[in-house]
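Protein chains: 2
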Amino acid sequence: MTNKEFREMGHLFVDWMADYLENVAEYPVKAQVKPREIFNQFEDNMPTNGEDMNVIFKDFQEKILKGVTHWQSPNFYAYFPANSSYASVLAEMLTATLGAQGMLWETAPAATELEEKVMEWLKNAMNLPKNWHGVIQDTASSATLCALLSAREKYTNFAINNTGFEGFTDFRVYASSQTHSSIEKGVKIAGFGKENLVYIPVKENFSIDENALINAIEKDLKAGKKPLCVVATVGTTSSTAIDNIRKIGEICQKYGIWYHVDAAYAGSVAILPEFSFMFDGLELADSYVFNPHKWLMVNFDCSAYFVKDKGTLIRTFEILPEYLKTATDSLASGADAVVVNNYRDWGIPLGRRFRALKLWFVLRNYGLNGLQTKIRNDINLAKWLENEISQNTDFELLAPVNLNLVCFRYLGNNNLDKKLSEEALNEINAKILQNLNKEGKIYLTHTKLNGKYTLRMVLGQTNLTHAHVTQAWELIKTESRK
Amino acid sequence: MTNKEFREMGHLFVDWMADYLENVAEYPVKAQVKPREIFNQFEDNMPTNGEDMNVIFKDFQEKILKGVTHWQSPNFYAYFPANSSYASVLAEMLTATLGAQGMLWETAPAATELEEKVMEWLKNAMNLPKNWHGVIQDTASSATLCALLSAREKYTNFAINNTGFEGFTDFRVYASSQTHSSIEKGVKIAGFGKENLVYIPVKENFSIDENALINAIEKDLKAGKKPLCVVATVGTTSSTAIDNIRKIGEICQKYGIWYHVDAAYAGSVAILPEFSFMFDGLELADSYVFNPHKWLMVNFDCSAYFVKDKGTLIRTFEILPEYLKTATDSLASGADAVVVNNYRDWGIPLGRRFRALKLWFVLRNYGLNGLQTKIRNDINLAKWLENEISQNTDFELLAPVNLNLVCFRYLGNNNLDKKLSEEALNEINAKILQNLNKEGKIYLTHTKLNGKYTLRMVLGQTNLTHAHVTQAWELIKTESRK
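Residue numbers (the numbering used here), protein chains in the order written: chain A, 103 to 584; chain B, 103 to 584.
Incorrect hints may appear among the rest.
Same chains, same names: a pair is fine if it fits in one copy or spans any two.
Unchecked claim - The calculated lysine to any residue pairs, modelled on SDA-like cross-linking and capped at a C-alpha distance of 20 Å, are: (1) K356 / P149; (2) K106 / D117; (3) K328 / F270; (4) K427 / K540.
Keep in mind that the hints were calculated from the coordinates and are not lab data.
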């Protein structure tokens, strides 16, 4: 492709992109394809000769797009959103064009220092502890793994990094029964064994029972085990339950346990002063993660990971072979030290994309006010829906609406049906979900709360308006009555 | 930002992107900024009110760009390239726009199935074993970690995942002294301890000494240790040395050791039949990684990871909480089984970008012929430079030029200088590198080979031509004589 062709195709793409984002609500939000339908369209081998970009682009529209579930549709109420925005897409265009590699300060000074700057911006806007240091990870799963590994190495004074687990088994990690599956994944990778992840029961509001946590720690200590890390959650995946950050932090302090706080989804509300109570006690945490790529209009992937002690993080991951040594390494020590971050030592991958750029674009384009307005709107939409459901005797709320996730189920027509068994309700609600998603008008997912099949509806997509929510609610009522 | 503004800005961006890529050779290839220069330009806090995209874009050009090291410049000879291409940038524009999340088949059927398809394309074009399964990882570091974890879990029948290291210490991992630093990083994360990474000495051509490997394994077995994994390299970072894949594979077979092959950089030459000898014996490997984001014109990040036994990979990482269960999960078993990949279980992160799209765009736009031509050209440029250096008595080649990396040093003016000490040569060559990079005309990096400070020059950047290499060589000669 020549530069001229690239320019022409680029303009064609931009018009398609603007059209797509303008009309994204018109697509069936959940892809209407069968397994293997996309795969089977293409030859077994790549083409021998190069193909014109027009042909490839046409194939994209005709053969790929139908297999896309439209995460940027306002009809997307499933999982948690992976919000994008115009500003973020524009930034990604530049990131792709520069193709810079941010493993070291020297290989990408702008990417490195802008990352440090925007993480400071987030820290300040969210009133996170001043002494924290931020770094962008791909996902909260990776960030949590970093936390578990840092806890492991700090506890053992880096002995496992050096000589392995000999003499260091019996670590215990604690999290609520509502914790995200990435904690188990991290516990396995770090070598603790999932049987050493202790699930602590929750209270009625699905937040961790602190007394049960204390009891579990005490029991383990008596059995000679080593309490290593507690993971608290601000906004669980099933129901956005909020653990008591201060109380758990005080427990961790008392027992000398690494304290990791997972606010992957809900962390974005920290920009709202009226929700600061949810983060009270956060200064007790050793590590913290939230995902701007979920509710803060920054394209996936962009996970914000903060630590109190960056030295431990760096020592957990650092490597310095000859071919990665640079002149600026030596600037990091001595009296005239200039701190240069080499982010390769702040996580698992060596290579790193210039992800700070999209964060910078979004934070500037929205401004703090713009982001606050957006998130407040979403929370108000959830309040509206919560109110609708609570006034409708055919439906039942299954968890407190702490933020913008509404957990509910259909109970049957209250006027006609006899009271249905729990089993029947589970079946009916699973069926409702299946039918709703099949039509492609809206996309919801489910969870189980106290054994009850629960419909989850997250009101946070970038392009969501009150009209969309009203329509969705009508559709849910209609579909349920069928 | 409105849709109309996005469209306008998008067109503005595309023109800038085309201009940038057309003129990328004119920028100082290595950023000419001092530490903190980028950071200090910006306020301590994000703006309160949203800013116009024109202002942000202007700041990008005036305040960010000067801190960018231009990885897409043909004057970039440092590290290994992180090649991009027009086709890949276009694909990234669509990926950012769709903002799809490929954790499960259901959340992104097109991303999931296109990934499977393009990995098959690579497998076939590169004559990789038919029974392998491919998945895209972010980096080779992460892929190698996956290999080490899979080896760990297979050996222990998933006991470490379940109960931890109790009873399973003393694992040993083997790699050459020239192996990449990511192996050590992975060994530490997986909990083996870096003292259990055994560095095997290399032969004169910097490839692993197979007899030394056998001796190390035998010695460990006698000492009651457990040989777990051998990592062989096709194309080491320092000098693109090629380990003997078949011989090492046979050793692994004999001792029942997991065999991981790291071809992160050099793996791309597998599309050239004349280089198939480098990959002879690859069917003996359990896992294999190479990076299309290095030498195959696909934007970072895109690392291709292949395994023989996908069941072990999946069992190493799998998680299935209620909120991630989907209707298609059940399709994966029973008589009418339809295989649906849920790539969340094929690596560390849960969330995944739609990276298959750029690979698909590049493979189709270049075609196999186009990619072969590009890579052959680079290798011929390296041969030309090798020849120039070998005929110049002021310079010395320090490693075989197996592909497109030339390792050399300046020896001093052969007619005038007395023979310089090794120490003096190391100092002189470090100084030459520093001065070359300082000017911003070309960017090289270094390594040490047999204690000798070595200039590394990789001839593989997407936009590289013979004219660039000629110019660079003249510059190196001139700078060295100073």
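Evaluated hints:
For the homomeric pair K356 and P149, neither the shortest alpha-carbon distance inside one copy (64 Å) nor that between copies (39 Å) is at most 20 Å. Taking the shortest Cα distances, K106 and D117 sit within 20 Å of each other both inside one copy (17 Å) and across copies (10 Å). For a Cα distance limit of 20 Å, the shortest separation of K328 from F270 qualifies both inside one copy, at 9 Å, and across copies, at 18 Å. Proximity of K427 and K540 under a CA criterion of 20 Å is satisfied inter-copy only: 16 Å between copies versus 55 Å inside one chain copy.
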